[in-house]
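*Asks:* Sequence:
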Amino acid sequence: MKDLVPGWVAAVTGALLLTAAVLLALPPAASALVEETPAARASSLELFFDVYGLARSSYVDTLQSRELVEEALQGMLQSLDPNSVLLTPEELENLQIQLEGSFEGVGITLGQRDGWLTVISPIEGTPAYRGGMKAGDRIVEIDGMSTEGITTNEAVTHIRGPGGTVVELKVVRPGMDEPILFPIERAVIDFPSVSAHFLLEPGLGYVRLSRFSEESANEVLDAVRELENQGAQRMILDLRGNSGGLMLPAIDVADIFLPAGAVVVTTRGQAVGEQTYRTRRGVLYSGDLVLLVDGGSASSSEILAGALQDQGVAVLIGTRTFGKGSVQSLSDLGEYQGLGHYGVKLTTARYYTPNGSSIDRTLRDDFMDSDAEETWGIIPDITVEPDSFSVVLVAELERDGHFFGFAVDYTLEHDIPLDFWPDDSVFTLFENYLAEQEIEYTDQEFAESHRYIERALLREIALREWPMSRYYEVTAPHDTVITTAVEYFSEGIEQ
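Going by the numbering used here, the first residue of the sequence shown is number 371, and it counts up by one from there.
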């Protein structure tokens with residue numbers, strides 16, 4: 371443990387010196403403006419602490435040191451680039467869970483709905499799922515403690531715990547008069563990065579990779595081999611919405627499809643130098659391959675897509691990827707007494723695809739300039755534009771949980787068959803629901819958002835009734851990007 375004052379002083383001091391190091395690494399014309407003596411660096415730190423002390427002593431309202439320091443550090447890192455951030459104890463824990471792909475708890479996704487702590491979905495195969503918890507359940511007590519006024523993060527802290535211990539959750543379920551008490555034994559919860567894999571049609575497999583974690587390559591290989599055993603000779607790997615994660619798993623996934631010694635990515639940074647990453651194992655899948663990408667495919671997804679495209683082993687279908695061509699290193703700052711365990715995610719390198727292209731736009735001066743030359747991202751071989759919709763209407767419906775709320779009501783009164791799809795009768799009920807909620811919109815907004823609403827309703831209803839993989843199976847025939855990939859395999863499309 372570290373003493374309180376030396377701890378945060380050290381963090382601030384180290385971060386400010388880091389800024390100085392970054393500035394000194396600028397090209398000669400720029401660095402000449404910022405070179406400084408040790409005395410100047412000391413004066414910079416003195417200035418910081420003078421302003422900090424003045425704010426603490428004289429501001430109109432009482433200030434907390436923790437909040438001031440966190441905001442100062444966050445602002446400093448954000449001034450470097452959008453991807454460099456201070457990680458608070460809660461953020462650091464959540465990031466580690468995402469990267470490791472497991473945690474100890476009961477296996478539910480939580481959120482706030484109408485001011486209530488609500489189960490968004492139980493994770494398939496977990497204690498909560500087996501125990502009978504459902505999407506829409508409102509948790510009113512955790513081990514006898516009322517959840518009134520509690521935040522989602524606070525609730526997660528109370529619900530998680532060592533495997534083998536028991537937590538009691540009292541829930542109010544829509545449509546039931548009395549609360550239900552769920553005593554649930556905690557366990558290690560694994561949430562795979564491959565969220566679905568199945569045969570789209572005879573001979574054609576589909577694998578959806580939702581993020582990159584430590585086990586991603588093993589999961590992808592297991593899914594591919596299972597589909598090959600079912601007769602798949604062609605494969606679709608879906609990276610849409612995959613914002614990335616760890617870099618090395620992306621290289622390991624590329625290793626499934628590329629020969630040994632093939633270049634996957636090269637990174638360059640002033641502190642880390644230049645490193646080229648190559649495959650090691652040799653080809654494990656040699657069939658035809660299509661990758662699906664979109665604007666949500668970023669970071670590690672772009673490393674994988676760029677490598678397979680440049681090496682000529684995959685055809686990319688969809689829309690231009692996000693354009694995050696930088697590498698962040700995670701530094702563990704340790705425990706600070708009374709504050710918790712902090713970390714820093716700092717940009718340390720840019721990466722380049724095998725043909726030498728940098729696809730990054732987040733470190734460019736014109737990142738927010740819509741008129742800037744569009745040289746960023748991975749451009750697919752076949753472009754399929756997404757369905758249009760009213761951004762204003764959809765944003766309101768998603769933000770305020772109206773798709774979720776309707777799904778809770780609908781599944782109380784209707785059985786959901788395995789071939790369910792929202793038809794005109796479902797849309798009529800949804801419009802009635804929106805009228806009851808006093809949601810205002812035009813007929814044109816609703817009509818142009820029909821495809822989005824259709825899938826959003828299916829998503830929320832499916833989360834209550836089916837495993838996630840079933841949702842992807844049902845929606846696949848209605849997904850224009852997937853159907854374009856199927857057409858490419860069956861008939862060929864001019865690139």
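Among the hints, erroneous ones may be present.
Per label pair, the in silico range of CB-to-CB distance [said to hold, decoys possible]:
#, residue 1, residue 2, range
1, Gly710, Glu555, 25 to 31 Å
2, Pro544, Gly726, 55 to 61 Å
3, Ala630, Gly708, 49 to 55 Å
4, Asp785, Asp431, 28 to 34 Å
5, Asp779, Asp420, 33 to 39 Å
6, Ser449, Val510, 25 to 31 Å
7, Gly531, Gln645, 36 to 42 Å
8, Asp813, Ala630, 19 to 25 Å
9, Gly485, Phe418, 39 to 45 Å
I should point out that these hints are in silico values taken from the structure, not numbers from a laboratory. The model shown is predicted, which means the values in this text are computed figures rather than measured ones. The C-beta atom is built at its ideal place from N, Cα and C for all residues, glycine as well.
*Asks:* Hint by hint, note whether the structure agrees.
*Replies:* Quick rundown of the hints versus the structure:
Checking the proposed 25 to 31 Å range against Gly710 and Glu555 shows it holds: the Cβ atoms sit about 27 Å from each other. At about 56 Å, the beta-carbon gap between Pro544 and Gly726 stays in the expected band of 55 to 61 Å. At about 51 Å, the CB distance of Ala630 to Gly708 agrees with the hint of 49 to 55 Å. A hinted range of 28 to 34 Å is violated for the C-beta pair Asp785 and Asp431, which are about 55 Å apart.
Take Asp779 and Asp420: their Cβ atoms lie about 58 Å apart, and the range 33 to 39 Å is violated. Distance hint check for Ser449 and Val510: the Cβ-Cβ separation is about 43 Å, which falls outside the suggested range of 25 to 31 Å. For the pair Gly531 and Gln645, the beta carbons lie near 40 Å from each other, so the given range of 36 to 42 Å is met. For Asp813 and Ala630, the Cβ-Cβ distance of about 59 Å falls outside the hinted range of 19 to 25 Å, so the restraint is violated.
Separation of Gly485 from Phe418 is about 40 Å and conforms to the stated range, judged on CB atoms against 39 to 45 Å.
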